[in-house]
Amino acid sequence: MCGIIGYNGFRDADIVILNGLKKLEYRGYDSAGIAIIDKKQQVYKEIGEIKNLEEKLPKIKGTIGIGHTRWATTGGVTKNNAHPHLSTSGKIAIVHNGIIENYVKLRENLEKKGFKFVSQTDSEIIANLIEDNYKGNLKDAVFSAIKKLEGYYAIVVTCEDEPDKIIGARLQSPLVIGVGDNENFLASDIPAFLKYTNRVIYLNEAEICVLTKKDVKVYNKDEKVVDKKENVIDWNIQDAEKSGFPHFMLKEIYDQPDTVNQVLRGRISEIHRNINFNENVENLLNSNISSIQIVACGTSYYAGLIGKYIIEKFTDTPVFVEFASEYRYFGLKHESSLVIAITQSGETLDTLAALREAKNSGCKTLVITNVVGSTATRISDAYILMQSGPEIGVAATKTFTSQIIVLLLIALKLGMIKNKISAVQLYEYIRYLREIPRTVRDVLNKNNEILDIAKQLKNAESVFFIGRGVNYPLSLEGALKLKEISYIHAEGFAAGELKHGPFALLTKSTPVVVIATKDATYDKILANIGEVKARGSQVIAIAEIDDTEIEKHADFVLRVPGGSGVLPSIPIIVVLQLLAYHVADLRKCSIDKPRNLAKSVTVE
Amino acid sequence: MVKCVILAAGEGKRIHPLTYTRPKVMLPVANKPIIEYNLLNAINAGLKEFVFVVAYKSEMVRNYFGNGEKYKVKIEYINQGEPKGTAHAIGVVERFVDDFIVLCGDTIFGENDIKNILNTKNSIGLYKLDNPKEYGIVETKNDKIVKIYEKMDKPFTNIINAGIYHFDKKVFDFIKKTDRSPRGEYEITDTINMMTEKSIVSSVILKEWRDVVYPWHLLDANEEVLKKLDEKIEGTIEKNATIKGKVIVGKNTIVMNGSYIEGPVVIGENCKIGPNCYIRPYTSIGDSWHIGNACEIKNSIVFDNSNIPHQNYVGDSIIGSGCNFGAGTKVANLRLDKNNIIVTLNGKIIDSKRRKLGVIMGDNVQTGINSMINIGSFIGNNVSIGPGAIVKGVIEPDSKVM
Chain A
465 MCGIIGYNGF RDADIVILNG LKKLEYRGYD SAGIAIIDKK QQVYKEIGEI KNLEEKLPKI
525 KGTIGIGHTR WATTGGVTKN NAHPHLSTSG KIAIVHNGII ENYVKLRENL EKKGFKFVSQ
585 TDSEIIANLI EDNYKGNLKD AVFSAIKKLE GYYAIVVTCE DEPDKIIGAR LQSPLVIGVG
645 DNENFLASDI PAFLKYTNRV IYLNEAEICV LTKKDVKVYN KDEKVVDKKE NVIDWNIQDA
705 EKSGFPHFML KEIYDQPDTV NQVLRGRISE IHRNINFNEN VENLLNSNIS SIQIVACGTS
765 YYAGLIGKYI IEKFTDTPVF VEFASEYRYF GLKHESSLVI AITQSGETLD TLAALREAKN
825 SGCKTLVITN VVGSTATRIS DAYILMQSGP EIGVAATKTF TSQIIVLLLI ALKLGMIKNK
885 ISAVQLYEYI RYLREIPRTV RDVLNKNNEI LDIAKQLKNA ESVFFIGRGV NYPLSLEGAL
945 KLKEISYIHA EGFAAGELKH GPFALLTKST PVVVIATKDA TYDKILANIG EVKARGSQVI
1005 AIAEIDDTEI EKHADFVLRV PGGSGVLPSI PIIVVLQLLA YHVADLRKCS IDKPRNLAKS
1065 VTVE
Chain B
2 MVKCVILAAG EGKRIHPLTY TRPKVMLPVA NKPIIEYNLL NAINAGLKEF VFVVAYKSEM
62 VRNYFGNGEK YKVKIEYINQ GEPKGTAHAI GVVERFVDDF IVLCGDTIFG ENDIKNILNT
122 KNSIGLYKLD NPKEYGIVET KNDKIVKIYE KMDKPFTNII NAGIYHFDKK VFDFIKKTDR
182 SPRGEYEITD TINMMTEKSI VSSVILKEWR DVVYPWHLLD ANEEVLKKLD EKIEGTIEKN
242 ATIKGKVIVG KNTIVMNGSY IEGPVVIGEN CKIGPNCYIR PYTSIGDSWH IGNACEIKNS
302 IVFDNSNIPH QNYVGDSIIG SGCNFGAGTK VANLRLDKNN IIVTLNGKII DSKRRKLGVI
362 MGDNVQTGIN SMINIGSFIG NNVSIGPGAI VKGVIEPDSK VM
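Chains as they are written, first to last, in our numbering: chain A, 465 to 1068; chain B, 2 to 403.
Check the hints yourself; a few may be wrong.
Derived lysine-lysine pairs resembling DSS-like cross-links, with alpha carbons at most 25 Å apart [to be verified]:
id: 1; chain 1: B; residue 1: Lys354; chain 2: A; residue 2: Lys525
id: 2; chain 1: A; residue 1: Lys515; chain 2: B; residue 2: Lys177
id: 3; chain 1: B; residue 1: Lys354; chain 2: B; residue 2: Lys129
id: 4; chain 1: A; residue 1: Lys922; chain 2: B; residue 2: Lys354
id: 5; chain 1: A; residue 1: Lys503; chain 2: B; residue 2: Lys177
id: 6; chain 1: A; residue 1: Lys486; chain 2: B; residue 2: Lys354
Rather than coming from a laboratory, the hints here were simulated on the basis of the structure.
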């Protein structure tokens, strides 16, 4: 994710844009830049947080400009790769959020025509592409340019030959218009301009808009003017940063259809039936791997347990999952094994220590993280980014689903390398991956049903989560989410283990959440439900949509879209997240900042 | 063409709970928002082009006044962005004005005074006040401004800065040089003190001036405006209702038998008044009200869409929109020892300097039967008061009093 903004009005653009970028910092903060037209394009960029740019920025005159705060995806964190990007003549400036999938080809074509490139980003081609199509009308040039782009984007463009307008366009990435008095705004998100106006226009897919100081025109993809309605936002600034959601956690749960797309972008190719990682990762996976150790803490550890199940299934390679804090002291370190460390922040102290130990012992190391440039990315042989944008709620939600998807991609890639899955099977999985955002949306639409079930749990002293196979680590994660934000004692168990001890704790007032998907152990899990019911406990089942058997056994049923094997896992996670969220909200807990917990644990 | 800039951005934190749901300038006095009096007076003084500096709940101002068509003038809006003080608010209009007068939208200025300011370039409006402790006081010499001082415990003069100015482009150079004051804002008084060192700033003594700092000041402003209004009956008065003095009754309002109304009183549209109620002087009643049997209201402002339906007493009070009084709910407005009423606002103890003050009630408050509201109470929005409950002090929004 990145944050972009454009301003055209009467105020000093540098101040408006910097203020706006600060409000978009949650979308990324590894580098930032602005371009303001004061006769010529004045461009300033800096690596690091926006504060850094602000400190080094000279006073710029001019009341029209654009700005960008970056969360690197294509191209490292450098000043040249930071936005805004200028066209070769320096007249056209753009900021971009998204990924241009055909940029290599476009870049080659433009280079043949003599256009110069100074960055490694996919975004820079947009500036030159617009210039290539420029015949004295910026709007027409933007229309011609975006027709050639494949991928997804939100862009804001200015041109020093037309210093009275800014142009915005979007496809799948967010961009909203802020309508002011004698001024207009464009931004990835409303808080960027809410200080100056609370009237917004939402741009639909593939629309473009032209903003002068006085008016706003929106065009559809056929270049026809569209009538748009203004919406008055009545949130205060604090609400707005959560896009109107009461908590960051809920906002981040609802972000998941998008973040799933982000993780997959550029990594799966339906046409070539392939999974692509960057060179370092591919080299690592191609080296002869005899076993895999996954090290992680907390939620990431549970992602690792799910990873074990998936990777073993697709590759026949033994996978061991260890807590980073244990592995660093006691874990066996084999030179031929691949150590995968999972850390959202890339700074978790125990995981970093485990990584160093592994490296010192000669193991190959791969990191799955959300933060480019973090310590973990620097000390490992290779890393895979989740590309999910910063997560603010302490309870991990969107980064957990991203971790699982990265592990699934690794499993599929390794399966291919080791010839354990066929191209046909791979194709089926790729198509399934493409479907995940939709299935997640289906679950989000059931929010009210989940809220009703949460009411059953809110007064419980203790809640058990049970499942078999991949549903066992999901149960652990469900229990972790519930206990960390609602403070209700919760435990996850392998369903078959219940009778070996935990049964002693079951009472009428211990609700049990059962994850029952139609796999080989479906009959067994029904039997487990029977055992639980016999103790008088209430059973809440999470089951597939076409499962008609389950309501004969459970007291309440929550449905998720079906599929075989690991496929329903992601929707189930979303159900568990919403369930924990609503229970905590009903109990009026401090959801985004639970007591005693921190987002990134950098102490031992 | 001289433009008129009206500062209308403020939230009015000292007027909570009334300003939780509307900006300060939109508070009604005699059934019109405060700022409308300034607009009308400025129009009568000859001004035709207006710039409203807005921010907090700006859509309410914009929706009410639009582009000025219904007043046959031009109104432009500029969003202040951040509330960073009066100098900052004036600074944002730089690109829209040359020769202009500025006035604070939450203070009511008279037509003739506006005219005098308009006719005196580079001037400031001053007002003589008996107790100027709360205001910036002004040192003058031969009608020229020497310096404006911050609030003083022992002011050396009773001349205060009234909040209306006539400036030209030069003021913006001084505004850019103005530093933040100790309370962290860019204050126009600091700007003016710089100007008086470099150029001549004239003074204009105002005859009328009504400023609203605390909620009960609305009652004073209301009284003042009502005194000047002319009688106008557009609704229906039943045969046995009594109307004394100047009373305005809006369209579709019915005043039923046995009601006794002593002007000056203004009643809005679509109200049902009576039967058998007593409305005493200096009361403004908004639109769509029901005031029922055996109710008495005096010296109060009640906004739109509320009910005081049965056996209620409301005196020296302000009632927000959408409120409903249970049968028998009464408001006390006088201390037994007849001393000034002291209130606590935002944690500060303030002498209201009024002997009589009832309740300041936000929007959507429901009271149960026979509940009692003590003197100088502040009740937030969406509060429910149970039957027989006694309410005093400050009640936070969304609470329940049982």
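Now the hints, each set against the structure:
1. B:Lys354 - A:Lys525: Status violated; Cα separation ~50 Å.
2. A:Lys515 - B:Lys177: holds (24 Å)
3. B:Lys354 - B:Lys129: holds (19 Å)
4. A:Lys922 - B:Lys354: violated (51 Å)
5. A:Lys503 - B:Lys177: Holds: lysine 503 of chain A and lysine 177 of chain B sit about 23 Å apart, inside 25 Å.
6. A:Lys486 - B:Lys354: Given that 25 Å is the threshold and the Cα spacing comes to 45 Å, the pair is violated.
Hint compliance for this structure: hints 1, 4, 6 are broken, all remaining hints hold.
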